[in-house]
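Visitor: One letter stands for each residue in the lines below.
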Amino acid sequence: MEDDVALLNVLVEKFTKEGYKVATAKDGAVGLKTAQLERPDIILLDIIMPVMDGMTMLQRLRKDKWGAKVPVILLTNLNSAEKVVDALENSVFDYLVKADWTLNDIVKKVGKRLGEK
Amino acid sequence: MKITNFFKIFGIVFLLAVFFEGVTVIVLIGNNQRDARIINYTGYVRGATQRLIKLEIAGRAAEAAKLSTYLDQLLDDLIKGDSVRGLPAATDPAFISQIRKSKLAWQVLKQKISESKNNPALQNDLLDLSEIYFLTTDEAVLAAQNMAENKVKNAELAQLIFLVFELVVVMFLGIALLRKLNHEDSLIKDLEQFKLATDGVAEHVIFTNPEGVVVYANKAVERITGYSVSEVIGKKSGNLWGKHMEKEFYERMWKTIKIDKKVFSGIVKNKRKNGEIYDAEIDISPIFDKFGKPIFFVGLERDITKDVALDRAKTEFVSLASHQLRTPLTAISWYTELLLNGEAGKLSKKQDDYMREVAHGNRRMIELVNSLLDVSRMELGTFMITPELSDICELMEETIKDLKPIVDKGKIVMEYTRGKKIPKLLLDRKLTKFIFQNLLSNSLKYTQERGVVRAEIELKEGNVLITIADNGLGIPKRQQSELFKKFFRADNVRAKDTEGTGLGLYLVKTIIDSMGAKVWFESEENVGSTFYVSIPLSGEKGRQGEKTIIKV
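Same order as they appear, the protein sequences are chains A and B.
Residue numbers for the first sequence follow the working numbering, so the first one is 1 and each next one is one higher.
Residue numbers for the second sequence follow the working numbering, so the first one is 1001 and each next one is one higher.
Hints are computed from structural coordinates only; laboratory data are not their basis.
Note that the structure is predicted; figures quoted are calculated from it, not measured.
Keep in mind that the hints are not guaranteed to be accurate.
Derived BS3-like pairs: lysine-lysine, alpha-carbon spacing no greater than 30 angstroms straight-line [unchecked claim]:
no.: 1; chain 1: A; residue 1: LYS26; chain 2: B; residue 2: LYS1314
no.: 2; chain 1: A; residue 1: LYS108; chain 2: B; residue 2: LYS1433
no.: 3; chain 1: B; residue 1: LYS1101; chain 2: B; residue 2: LYS1054
no.: 4; chain 1: B; residue 1: LYS1401; chain 2: A; residue 2: LYS109
no.: 5; chain 1: A; residue 1: LYS26; chain 2: A; residue 2: LYS69
no.: 6; chain 1: B; residue 1: LYS1404; chain 2: A; residue 2: LYS108
no.: 7; chain 1: A; residue 1: LYS108; chain 2: B; residue 2: LYS1430
no.: 8; chain 1: B; residue 1: LYS1404; chain 2: B; residue 2: LYS1433
Just chain B, with the same shape it has in the complex:
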């Protein structure tokens, strides 16, 4: 318990005491004829005061104000007399002086009650302690009533009796305070347990005040930053390990936590005490009081230097693998090409057939490696989307032209409807063509000879809607939810064509999701499938990253 709170509470209880002492003593020194009524009012005042505190806590200000005015009035009436209540005006100077004293106490008490409005901790203490106080004054009032009934007129004796009860009250208060202190003890115990727990956490945990000065740091802070906890407490973290990012980064961070009142997450470069720069993933959460003022910030930080290195190693592995796998495949591809061109002498029919099989197998292998590389780039998040103002219909037409050999081979009817007034959009040309090519070649691949594949581009509800439909194999109902998953291939398609990788639609979906567009489909087995891609008129969202050279 803060010492100032202790005095506040003690002060309030003291005021309660004076107030009630005043009101109760009235009973003892008042005129006989008034005793009975006044005793009733003492009970009233007590109940009303407690109710007032409760109303303030509940935030029922209007009712509290009304009750407060009533109590003001009651104290006035006790002196001036009140015909409605049947009270004559007071004449006894001791009585009047007691009432005045309690009126003064009431004014201050009222003020305190209303101040507690903004201090929930104080409110609870106030209610707790006043309850204890009132319990003991109950007995005082009872004694006073007895005395009044027995015509005890000795006010001094009454005062003495009252003093004894006051002492009891103070004792109760002492017990209450002890209880508070015990509570304080358990808080300290909680804090110790909290420290033990956070010290065991691998993440660096700090609490700062709203100015960014560290008030708590766990053990991991020492391990990660190299600064000891005692070096850190009372300083701004920015002056220790921070300030190695652009100024804008920190501005954005403060804005997020202080103004937007949101958790800030990011990846930063920090500096250890020994001067080493490290990568860290940070989360800073602002904690507010109930009026929305930040009380402190909780900062979590994870040293991801190793993860960053691992990521780099993964990327290097992918590029190495791409090189190592593709070089021998290239050799097979080029030598086969020479043989098939007859550049090493004319091949027999059988030799030619076999070489074509080699070339075909090799081609599949190259495509698989390419797809795997695309997937790993997607998953590493190292692909870049660079939208530029483009004509989407033109991209579709180019793709259809590229696929003409397949269309002709399958004797498929390729229909294309170009919508009217399709504006130019911000599109990543390569990726958009990649999407069209994947969807169209799927349709062509899984459509029977003389089937129909239809492509359409139109404006719909503020988006550009691309429809690619076929009357081919379709996707079995039970497998439709799996369609965009990596390596997934539907059973009916597996049976017909053993060559697919199950990566095409996965890539399509990943790309479309990253560019802020949408893709979905409708399909029925043996009836056909229709795929929809919807791109907002604002175009595809750009994305920084490694340049992808997706083959289109």
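Next comes chain A alone, as it looks inside the complex:
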């Protein structure tokens, strides 16, 4: 889930190339529906998004029986405290600052998380 088209496209391209099946959404509301419908193995979630932001989406997701367990990696360019605390309370697997991560490393991180499962 990513509202910036340039970033969304490059992530889709990279993950598709790595053999993942990717579903996308550009806001939290659509993202929540898509997630509940597609039930992905992992969710990469941006925080600042229109309509519904990532944290609200996450809170709603965690109320759902399936959504309570799905691993979520927060992928954002924000770094502020409340967000981290919120994220931890909602049992987020990881919190990555986009600008500091290469695509390769993100793919590795996702692979590792899914491999552990």
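For chain A, the structure is supplied; the task is to place chain B on it using the hints.
Guide: Chain B in isolation, oriented as in the chain A frame:
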């Protein structure tokens, strides 16, 4: 002047009058043969009494007591007679009765003098007024002496003369009192000026008595709290705008001002008359008398609601900027990565070179944004230090491992000495690694190829001392005092490497200062630099705040 003080002073002067009248009348009705001596003693008594007051004021209690006993004795001797002084015992009943009267006055006067010990205002008044009194009695004594010499035996006439002088004394006292009242007038004038001045102050100013009841409030109180000055006076501020903080906060406040006798400063939430909650910065200063008892408290309060909002806006701006700046940088970073990975087709040598330049430039930009964000978080004070029991050597080793690519690239010799028996310490792992990484990467960056960088951890004088030394460029002497300043970069370093931001050491110093540790260095240009970090065995001090995600 308080009315009670007025009576006290008047009473004392009256006693002085009775006392001296007694002693002086002795002169007039005493036996001829005794006159001359007794006149001398009258002078004595006067001088001694004034001296006694001065001694009490100066706190020379022992001398005062001695003098007081001497005066007691003298009055007794005047009746009983004293062979040493050559005084025969008194026989004249009028004389004895006068002496008794003045002795009684002396007892009360003595008591009053000693009471004035605890009342500096009364002491000064006492001295002022007794001086005026004594000046006039001088003339009375002189007249009495003349009369004695002229063998004036008419005691009644003498009494009359004395009465006239008494009247003069009372007149003088009246003038003195008027002067006092004038002084009072000027005090009122001062007070009015004080009120004008404090009313012009933007801060809310109140004075309360030791029980917290407001005795004075300035105009700003009305503006800030919404209560009028007349509504505030005579009430406890806690019952008006206060009591919106935890109970412990107020307990701490009272303890600071009443028991520790210190100024209390803090930030509180208060409530205006209209129910609106506002943020205020307060300073409460206790004012004590010279015995250490609080007389009143001065409370200053500044409405910082707007500042708090501004601070919040600043934080929001920083987080917004971090998002807005980093999103396009991320796009550049990720697309460049795809291109360099050949995922859009193989690049020519030249294309590859150019893309690497783009990636490098972009990386620098991201790092600059990150550093600026760290700086603004430091300056907003919103970063948190969360120490946990950690192995400091392990943190150092991890950092050295992370930096291995740079060490290898520069063919630098990296030496590391791990001290023996270094205990686990309370450390914020991320920030500690941030510090090590900054210091080490500086050393690596500014050391020539095949140079030596040395890291050491040891126990020294109750602290853990971390030494990071290099034989690199060094810092020019004249610029050493600037080293930890924001955006500062030494000239020799600027010339060699144009990429630094000048923020690393500033951040290192800010973090180390906030965690109660120390950092310093020794350096010589072209010889090398040695940085020291000293962490107490009690570990790094924690700090509440926003979680920092300093990249390590």
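Visitor: Does each hint fit the structure? Answer for all of them.
Guide: Against the structure, the hints:
About 28 angstroms separates the Cα atoms of LYS26 of chain A and LYS1314 of chain B, which keeps this hinted pair within 30 angstroms; it holds. Among the hinted pairs, LYS108 of chain A with LYS1433 of chain B is consistent with the structure: their alpha-carbon atoms are about 24 angstroms apart, no more than 30 angstroms. Annotation: proposed proximity of LYS1101 of chain B to LYS1054 of chain B holds, straight-line Cα distance about 24 angstroms (limit 30 angstroms). For the given pair, LYS1401 of chain B sits about 20 angstroms from LYS109 of chain A by alpha-carbon distance, which is consistent with the 30 angstroms threshold.
Only pairs whose Cα atoms come within 30 angstroms are accepted, and LYS26 of chain A paired with LYS69 of chain A is accepted, the gap being roughly 22 angstroms. Taking the CA atoms of LYS1404 of chain B and LYS108 of chain A, the gap is about 22 angstroms. The hint holds against a cut of 30 angstroms. About 22 angstroms separates the Cα atoms of LYS108 of chain A and LYS1430 of chain B, which keeps this hinted pair within 30 angstroms; it holds. Taken as a hint, the LYS1404 of chain B and LYS1433 of chain B pair is honoured in the structure, with Cα atoms around 15 angstroms apart against an allowance of 30 angstroms.
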